[in-house]
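2 protein chains.
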Amino acid sequence: MKEFKINDPQPAFIQLLSFFKALADEKRLKIIGLLAQKPQSVENISAALGLSVSTTSHHLSRLSKAGLVSARAEGYYSIYSLNTEKLHQMSQQVLQPQNLPELAPEAVEDVFERKVLNAFIDAEGRIKAFPAQQKKFLVLLRYVVNAFEPDTTYTEKEVNEILLRFNPDTAQLRRSLVEHHLMSREGGGGQYWRTDETP
Amino acid sequence: MKEFKINDPQPAFIQLLSFFKALADEKRLKIIGLLAQKPQSVENISAALGLSVSTTSHHLSRLSKAGLVSARAEGYYSIYSLNTEKLHQMSQQVLQPQNLPELAPEAVEDVFERKVLNAFIDAEGRIKAFPAQQKKFLVLLRYVVNAFEPDTTYTEKEVNEILLRFNPDTAQLRRSLVEHHLMSREGGGGQYWRTDETP
DNA sequence: AAATTAATTTTACAATTATCGAATTAGATT
DNA sequence: AATCTAATTCGATAATTGTAAAATTAATTT
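Chains A and B are the protein sequences, given in the same order. In this text, residue positions in the first sequence follow the working numbering: the first is 1, and each later residue adds one. In this text, residue positions in the second sequence follow the working numbering: the first is 1, and each later residue adds one.
By construction, these hints were calculated from the structure, which means they are not laboratory data. For glycine and all other residues, C-beta sits at the position ideal for the given N, C-alpha and C. One or more of the hints may lead you astray.
Claimed, not checked - Pair by pair, the computed Cβ-Cβ distance ranges are:
#, chain 1, residue 1, chain 2, residue 2, range
1, B, E26, A, G50, 29 to 37 Å
2, B, E85, A, D169, 44 to 52 Å
3, B, P131, A, S78, 17 to 25 Å
4, A, N146, B, H88, 30 to 38 Å
5, A, K65, B, G50, 25 to 33 Å
Kindly generate the complete structure, drawing on both the sequences and the hints.
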């Protein structure tokens, strides 16, 4: 097996990109269509497309680099033919949903959230002020709720102790956490727990 | 609204081309990867890609025109998400081998053959001279053999009469036609017929 | 050997397009 | 109403790329 990790910037990405670039041209797409009918010489292709031979040769070279066509020498002709397996392989494999996320650069933390946290959390991790905008407030609540362990129950007193690390107004925080379903409370008593994230 | 219908050359071709063009860019391919993870705002995407917001917006617009992503307004955000069905549909359907030939322009008659015929056949359809190159000579033979009906037997005399319309050297023509298996001859007698083309 | 032929490579240019900043639009907040 | 925020559109520029003519290469024919 190969080691792709070190210094190799996603060969799959490069390959996919050159595949799309190879086919992202009117003339080259038509060449694919021509070669799907039968293998042909460069001159023949250029006549069918109304292009000069040199331009056609250039296009064929690009398709060839992407592995979509290949040429065999026959006399002083180059007879190009379609690599149907390659074409099939690319169209089948590479755009499968499960492979797509790998195309992305490392996911960046949400810009909006970072902005809000920068604006309302001080260096000690405490909430400086409560934003009026609900969306921003929710960001803070999600930040706060991380202080609670999943699958653990807390008394109201314990909850308040933890919330006090963020802001003196523990009542509002506690109430909001429950309101927005980030924490759950058992009906009458003082039992709290972090709501399961999976919906 | 615009009228797209009239003079619309192969909508399938156009659609396929714009599909490939949409994905033939590094940044846009990465956007696909990002949106495959989760729907995101323009600002978030631009941060992940290291691009300006306006450039990102432009890329998203291109992807959107190709039908690969769509946006929903949420507050003053545009949350873009991936159209996975469309992506799946395109990658599955459109590059299937049986559809490929339709991408080509109307097939042009073979350039080499046309050249040879122009060079060696006069205005009356007669062979001006016999080319030394075997490949060219074969083109002439295939041209000549069309004067014979399929599934018909001819005597040697009839064959010579027909060949005389092309060139006085009927003996060479007759012999070459048989040699190259364009016509068949019954063992001893003088019965000739056009060889069936299907191999 | 000289001439011919098909293809590739090189060079130069025109067309396209990716990019960004500035201006504008649409929506939300104060 | 005035302000703020995210997104889009516009205008300009830089980079890419499709195109063809000319020069070169490779193979064949005379």
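A quick look at each hint next to the structure:
1. B/E26 to A/G50: 29 to 37 Å: At 31 Å between Cβs, range holds.
2. B/E85 to A/D169: 44 to 52 Å: The hinted range 44 to 52 Å holds for B/E85 and A/D169, with Cβ atoms some 47 Å apart.
3. B/P131 to A/S78: 17 to 25 Å: 22 Å, holds
4. A/N146 to B/H88: 30 to 38 Å: Between A/N146 and B/H88, where Cβ atoms are some 36 Å apart, the hint holds.
5. A/K65 to B/G50: 25 to 33 Å: 27 Å, holds
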